[in-house]
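Student: Spelled out, the chains give:
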Amino acid sequence: MPRSRRFGRSRFTLILLVLASLTVLTLDYRDSGPVQGARNALGTVLSPFRSVGEWVATPFQNGWEGITGYDDLKDENTDLRRQLDEVRGDEVEADALTKENEELRRLNDLPVTADIPRTTAEITSGPLTSFDTTLEIDKGSGDGIKVGMAVITEAGLVGRIHRVQGGRARVQLITDPDFPGVGVRLVESGDVGLARGSSRGRLRVEEGITATTPVERGEDLVTSGLERSNYPAGIPVGTVIDVQPTEDQVEQALNVEPAADLDAVRFVIVLLCDENCG
Amino acid sequence: MVAGRLALVGLVALLLQLTVISPITVAGARPDVVLLFAIVVSMETDPERGAVAGFALGLAFDLLLDTPAGLTALTLTLVGWGVGTAKDAVLRSSRVISLALVAVASMAGTLLYAGLAVVFGVTIEAGDLPAIVGLVAVVNALLSQPLRWVVRRSLGPERRSPSRDRSVFRP
Chain A
0 MPRSRRFGRS RFTLILLVLA SLTVLTLDYR DSGPVQGARN ALGTVLSPFR
50 SVGEWVATPF QNGWEGITGY DDLKDENTDL RRQLDEVRGD EVEADALTKE
100 NEELRRLNDL PVTADIPRTT AEITSGPLTS FDTTLEIDKG SGDGIKVGMA
150 VITEAGLVGR IHRVQGGRAR VQLITDPDFP GVGVRLVESG DVGLARGSSR
200 GRLRVEEGIT ATTPVERGED LVTSGLERSN YPAGIPVGTV IDVQPTEDQV
250 EQALNVEPAA DLDAVRFVIV LLCDENCG
Chain B
0 MVAGRLALVG LVALLLQLTV ISPITVAGAR PDVVLLFAIV VSMETDPERG
50 AVAGFALGLA FDLLLDTPAG LTALTLTLVG WGVGTAKDAV LRSSRVISLA
100 LVAVASMAGT LLYAGLAVVF GVTIEAGDLP AIVGLVAVVN ALLSQPLRWV
150 VRRSLGPERR SPSRDRSVFR P
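Those sequence lines, one after another, are chains A and B.
For the first sequence, counting from 1, position 107 maps to 106 in numbering that gives the first Met the number 0; every step adds exactly one.
For the second sequence, counting from 1, position 142 maps to 141 in numbering that gives the first Met the number 0; every step adds exactly one.
Isolated chain A (complex conformation) (with noise of 0.2 Å):
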């Protein structure tokens, strides 16, 4: 074939996919029924190959994290060591504030977390590119979970329940920068602010807290839990590592690590309560 006429049935070829590209980009954008479908189904076609992948990945997946880890992880067992016998000190204490907490929100009416069902998830697939901060969990609505669903662990608050796909559910990450404000407190202090996703993994504060609170490097973040909000009031959010004052100098940004590992969850809890959980 011709050089010429190649490279214009090439250039055909290529405005064919593009449209086709920019129609289910317009489809989807519409939230339309062939899309989810199709995710769906694929999602559904593909489990068993992810499965027999993951069986044999993982082993070599666990050699590398030996071979590359071992120095991190034996200073982190020390580490951890160190921690546990901090918390078991503080443990009894914080068992019998926690009671007496619940005891006061009863009396007063109001909601306590303890109280709201759940559902323990297992994770079935982490984020999967550099710009996916989304992960999937084996539980759907045949479970209860419905978008918007606040999804924890022991360690603190993970994201909420983005998409519901049959018997499977994929959770935004707090740290996703489209993920909508977490309304947080400060332990210490008890200013309230806005938490949203930031960059490398982390949360910013960027609203609320005024210039003239005491900050401080390490302090906790909590769910404020005010009135109509999806998560309820003192999970853990995060620690503060960075805090610095705005462009216009009234109130403080705060960088926050997460309290909850992100990169290392493998089983979640969806409390399911989907509105006015606060």
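Think of the hints as simulated: they come from the structure by calculation, not from any bench.
All C-beta atoms in this analysis are idealised placements derived from N, C-alpha and C, irrespective of residue type, glycine included.
Heads up, some of the hints might be wrong.
[What the hints assert, rightly or not] Covered, in the sense of this in silico footprint (three residues per stretch, anywhere, with C-beta under 8 Å from a C-beta of chain B), are these stretches of chain A:
| no. | segment |
| --- | --- |
| 1 | 7-19 |
| 2 | 118-126 |
| 3 | 158-170 |
| 4 | 207-216 |
| 5 | 257-270 |
Keeping the supplied structure of chain A fixed, place chain B upon it in accordance with the hints.
Tutor: Chain B alone, transformed into the frame defined by chain A:
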């Protein structure tokens, strides 16, 4: 038959991305073998087949992601076609040039995806981009030779790049 073999290689690349590559993170970035597949098919064939391979695998990947469906397909279509066209413009065959082409195409593809994502309403943190672009370029360059060998085998001797009858990357 050739298309079937190529589709099988694409499926294996997709499964590798899902099971082995995606869990690997360096400075918050993850390698991208799906992008590499589009680049390699384009290098071993022609712009048209590169664009078709990029579109097909990109669309399959899109349906597994939570980002707008069609975004990866559009990016890989353009990358596949661009690499095939750029390859035709290269005059001298060299392993260094082919590695450089993979690295540059990987960087361009990642930046193109980020740019298109912003256009379609996805927030991208600009501060994360240098690490992502750098990692994708390096890993793709390293993996390009074995993947090219696999793609070449799946094509068979008679179905490789018709461009100037011989690919400039082949000895």
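Student: So, for every hint listed, does it hold in this structure?
Tutor: Results for each hint:
1. 7-19: Holds: 7 residues of the segment 7-19 of chain A have a Cβ under 8 Å from chain B.
2. 118-126: holds (count 3)
3. 158-170: Since 3 is at least three, the answer is holds.
4. 207-216: Violated - the segment 207-216 of chain A has 0 residues with a Cβ nearer than 8 Å to chain B, which falls short of three.
5. 257-270: violated (count 1)
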